[in-house]
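K.L.:
Single-letter residue listing:
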Amino acid sequence: MNKFIAVLLCAALYGCGAPKVLPAATGPVANDTQIVVIGKFELVPPLNPQFEQKTHWNAVGDGQILNRILMMTGDAAKPVSSDSFGWGDGQAMIEAQWGIPFVINAPRQRRFLNGGMVQLDLISQDKLWFPGGYYFDVPKDARMIYIGTLRYTRNDFNTITKIEVIDERKALNSQLDAKYLNADIRQSLLKKVR
Amino acid sequence: MLKRHALVLIALLLGGCASGDRVKDFTDRSVGYGWLNIKDVDANQLYSVTIYQLRPQTEKPYFSTSVKEFKNGYLYYSNAIGSGAYKTYSASGQRCMFVFCTNAKYTYSFGKQGDAVGAVTVKTPGVYHFGSYNLREVKTGFFEQGKFDVVAAQNAPSKREMLEEILKDNLDNPVIAERIKQALAKRDE
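First to last, the protein sequences are chains A and B. Heads up: the first sequence begins at 26 in the working numbering, then just goes up one per residue. Heads up: the second sequence begins at 4 in the working numbering, then just goes up one per residue.
A couple of the hints might just be wrong.
In the SDA-like style, the derived pairs of lysine to any residue whose C-alpha atoms are separated by at most 25 Å in a straight line are [stated by the list, open to error]: (1) B/115 - A/44; (2) A/152 - B/140; (3) B/115 - A/77; (4) B/142 - A/149; (5) A/152 - B/95; (6) B/142 - A/115.
The set of hints was computed from the structure by calculation and includes no laboratory data. On a predicted model such as this, the values are computed, not experimentally measured, just so you know.
Modelling step: build the complete structure from the supplied sequences, incorporating the hints.
P.N.:
Below, the structure is given as structure tokens:
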């Protein structure tokens, strides 16, 4: 009985605290609670998985970390960092490949990007952290929005020296799936939290 | 006969494990050194400090260092770093009482991000100081991973003292010895 309760507790804790990724969009959304968000994360100079990340033959699925960033989002500005990261911070993450547009479903409300993380090695738990402090709004009646490219510039020691929001809307069409080409994508670029 | 074969096999295996890329030409190599005080963390003996090469990127970015107890802390150094960006990556130790040590291994990771702690850029061959730091355990919750703070050490040995100590180990390496002597002479100017 004690073992059963322990398993149940673990399952409950997992359900409450396990990291969750915002789902990839399958097409324009047709309801009042969700919005399709299109954006991109860039790193200059780019991450070089061959040298900077390490996978292990005995760590199942750790190839998923290669060239990916996990951006913590929320409905409030709550900056995350290596010192402050807790279980609750990863409840609505954008999982994206560096330099590749992401198209995800998100709740239809102002959303804050609170900080990003790149896993370099699952065994040693080496990570890189990226500041947040940006948000996007959802225009009324919009079904799809474009929030821009969030570009991080780093120095030789992976210290982030510059963050920019770049409008690459014109170049977006060549990178998007065909089903979105004629969709009504509204512009709602990321803004800095003051 | 069997014993002899076994001994040869063991020697070959150990040789394979122990050898990294041994540096023979130190013309373009620099000395990187630092000092750590671990009185306020769980480990009380340090046996390994690793330096990580961030630039230029390489498939072999980790440098082991010589570590020795020195002036109430631990002096660590490598005499084989080339030009590039380097960071003190980790320090590992044990908790010991006299000659008896626990099985627990304590590793203090400085990570691969940030130029405020333990970071140097080597532009020309010379002698570079990674810094002198106190490590302090930070209390965390029961289910939380352990954390530690790094603070600039106020009572660290001087650079002169550390370099004189490193010089003692490198007298048979004329290139490195000369580098250290020049650095010491500059400190006198």
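K.L.:
For every hint, state whether the structure bears it out.
P.N.:
Hints and how they fare:
no. : hint          : verdict
1   : B/115 - A/44  : 23 Å, holds
2   : A/152 - B/140 : 20 Å, holds
3   : B/115 - A/77  : 10 Å, holds
4   : B/142 - A/149 : 21 Å, holds
5   : A/152 - B/95  : 19 Å, holds
6   : B/142 - A/115 : 23 Å, holds
Of the hints listed earlier, there is not a single one the structure fails to meet.
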